[in-house]
Amino acid sequence: MKLDNPSLKRVTPPTLNFFERTYLPQILGGLAITGKHIVSAALGKGAITVQYPEEQHVPSPNYRGVHRLNKDDQGRVRCVACMLCATACPAHCIDIVGATAPESWPDREKYCESFVIDELRCIYCGMCEEACPVEAIELTGFYDLTGLSREAMIFDKTKLLSVFDQTKDAEPMKFNAPPSGRSIDTTEITKTGAGPV
Amino acid sequence: MWELVAILIKIGIVVGISQGAVAYLILVERKIAAWAQDRVGPNRCGPFALLQPLADGAKMLLKEDVIPRYVTKPLYILAPMIAIIAAMIGFAVVPFGPVGPGSPSLFDTTVEFQIAPNVDIGILYVLAIGSLGVYGVILAGWSSNNKYSFLGGLRSSAQIISYEIPLGMSILGMVLISGSLDLNTIINWQDNNVWGIVVQPVGFLIFLISAFAETNRLPFDLPESEQELVGGFHTEYSAMKFGMFFLGEYLHVITVSYLTVVLFLGGWDIPFVLDQTQVGWFIALVKVGVMLAKVSLMIVFIMWVRWTLPRFRYDTLMDLAWKSLIPLALVNLLATAGVVQLWRQSWN
Numbered sequence: 001m002k003l004d005n006p007s008l009k010r011v012t013p014p015t016l017n018f019f020e021r022t023y024l025p026q027i028l029g030g031l032a033i034t035g036k037h038i039v040s041a042a043l044g045k046g047a048i049t050v051q052y053p054e055e056q057h058v059p060s061p062n063y064r065g066v067h068r069l070n071k072d073d074q075g076r077v078r079c080v081a082c083m084l085c086a087t088a089c090p091a092h093c094i095d096i097v098g099a100t101a102p103e104s105w106p107d108r109e110k111y112c113e114s115f116v117i118d119e120l121r122c123i124y125c126g127m128c129e130e131a132c133p134v135e136a137i138e139l140t141g142f143y144d145l146t147g148l149s150r151e152a153m154i155f156d157k158t159k160l161l162s163v164f165d166q167t168k169d170a171e172p173m174k175f176n177a178p179p180s181g182r183s184i185d186t187t188e189i190t191k192t193g194a195g196p197v
Numbered sequence: 198m199w200e201l202v203a204i205l206i207k208i209g210i211v212v213g214i215s216q217g218a219v220a221y222l223i224l225v226e227r228k229i230a231a232w233a234q235d236r237v238g239p240n241r242c243g244p245f246a247l248l249q250p251l252a253d254g255a256k257m258l259l260k261e262d263v264i265p266r267y268v269t270k271p272l273y274i275l276a277p278m279i280a281i282i283a284a285m286i287g288f289a290v291v292p293f294g295p296v297g298p299g300s301p302s303l304f305d306t307t308v309e310f311q312i313a314p315n316v317d318i319g320i321l322y323v324l325a326i327g328s329l330g331v332y333g334v335i336l337a338g339w340s341s342n343n344k345y346s347f348l349g350g351l352r353s354s355a356q357i358i359s360y361e362i363p364l365g366m367s368i369l370g371m372v373l374i375s376g377s378l379d380l381n382t383i384i385n386w387q388d389n390n391v392w393g394i395v396v397q398p399v400g401f402l403i404f405l406i407s408a409f410a411e412t413n414r415l416p417f418d419l420p421e422s423e424q425e426l427v428g429g430f431h432t433e434y435s436a437m438k439f440g441m442f443f444l445g446e447y448l449h450v451i452t453v454s455y456l457t458v459v460l461f462l463g464g465w466d467i468p469f470v471l472d473q474t475q476v477g478w479f480i481a482l483v484k485v486g487v488m489l490a491k492v493s494l495m496i497v498f499i500m501w502v503r504w505t506l507p508r509f510r511y512d513t514l515m516d517l518a519w520k521s522l523i524p525l526a527l528v529n530l531l532a533t534a535g536v537v538q539l540w541r542q543s544w545n
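Which chain is which? The protein sequence lines are A and B, in order. Just so you know, we're using this note's numbering here: the first sequence kicks off at 1 and counts up by one. Just so you know, we're using this note's numbering here: the second sequence kicks off at 198 and counts up by one.
Don't read these hints as lab results, they were simulated from the structure. Where a beta carbon is used, it is the ideal one built from N, C-alpha and C, also for glycine. All clues stand as given, with none of them false.
Some chain A residues close to chain B (C-beta under 7 Å, calculated; not the full set):
hint : residue
1    : Gly30
2    : Leu31
3    : Thr34
4    : His37
5    : Ile38
6    : Ala41
7    : Ala42
8    : Gly46
9    : Ile48
10   : Thr49
Derived DSBU-like pairs: lysine-lysine, alpha-carbon spacing no greater than 35 Å straight-line:
hint : chain 1 : residue 1 : chain 2 : residue 2
11   : B       : Lys256    : A       : Lys36
12   : A       : Lys168    : A       : Lys71
13   : A       : Lys157    : A       : Lys110
14   : A       : Lys157    : A       : Lys168
15   : A       : Lys36     : B       : Lys520
16   : A       : Lys45     : B       : Lys256
So the derived label-pair ranges between C-beta atoms look like this:
hint : chain 1 : residue 1 : chain 2 : residue 2 : range
17   : B       : Leu205    : A       : Leu24     : 43 to 49 Å
18   : B       : Met198    : A       : Ser40     : 54 to 60 Å
19   : B       : Leu205    : A       : Glu55     : 48 to 54 Å
20   : B       : Asp512    : A       : Ser7      : 34 to 40 Å
21   : A       : Ile27     : B       : Val528    : 17 to 23 Å
22   : B       : Asn240    : A       : Pro102    : 54 to 60 Å
23   : A       : Met1      : B       : Val528    : 44 to 50 Å
24   : B       : Leu329    : A       : Ser40     : 37 to 43 Å
25   : A       : Leu16     : B       : Tyr221    : 38 to 44 Å
26   : B       : Leu321    : A       : Gly29     : 36 to 42 Å
27   : B       : Tyr221    : A       : Ser114    : 56 to 62 Å
Input sequences plus hints: build the corresponding full structure.
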């Protein structure tokens, strides 16, 4: 673009008068702002600090913390061992061993015999949660995860299910029923005769 | 003989109190820093974190004192000592309360609230000692054999030499008006007339700005400037040697605050409430307290400014001193001298 282009907008900085050029008014304004912060924090109102061990921070609902394996209303693990989460996982931290579902579980062919997540390898990206077709794996708001050994940080199925038991009241499952957007409403299609779906 | 003992006791009291005060000033600084950033600050160590300074001090003393192999050892060890001693001996002429006729007495000895009472050249002494402090910084930067430290030392020398000039000239206005270099005479003049800030507002401003530069406090902390110089002159120092630089800086802040109060804020004076004719132990202690309160407010103000203004760039720092403050101080000095001369002629 050339310098004489008419669409070029020239911005001239505002000219300061003598008083403003001493910068004293701006300094006083700055002092007023910091002073306000100091006073309000000193009186105990302005400070946003969370006194951690005594006061627990509540993360936002979409916080990605420790995983849990969800249970359905009959107390069974929801996982159908489809391996989609393990495939989606960029850190390869999920290890699933699937098995044929018992006869008494007519709604699925397989279930997970073992489900292990290495919490130290996990990067908490939440892609397993997105990949899961049956909402079996979810990330909770647990953020202060500690362990005394590397082995203790490898969570197996029992542990992941116990995380669900601990957090199900504070954080209900994000999708209890399959969300309406997922099941295709076929009535419209059949009416117009678009053929079988 | 007894006078010597009295002076030694006074030195002990002043050194002890100022060292303790520095420890708590660091706590106050941390609290104010936290509040300015909407945090809570230290609150775990004892009630209101009052034990925090002790913990900090213990940490400083117990840390490993590393002396790198490549430093110039004698100067490296000398530098923090100079920093702390130069800051400390400035207290010798600072009046902490009323001095002169009417001072209270104890065991037939008059107690003057000043280590060296009635020094005629008090201000000159303070300025001279203040400039000595720069040796600590320069030697530290030089002997560390580290380019960052060296740059910090160089900046410090240029900065302090530049700001000494407006600092000295801003004080001269008050000296002309009160007709003395003795700090007590200046306080008494302010008690008889008005506070220095009223008659010398420009001088006060120049003094304040130069004082910030002299104490290496933000916005003039270029010798340190953590972000560019990894700590500047004290990069290579650890444990209590680092602590001594810290201590020196805060002692300097206290001295400068006392000077500001003595020169421009009336010392122990409160208009219409306290004056020189009131004598006795109680009044003397009240005056000491008033002065201490003023100094505390001044120190809090210095910390407040730290969290308001960002650091100057090096060339703007020099511009401010040589192109703005020195001409302004000169004009102020000339105008003051003229007015004082005219005033004296018309009255006598």
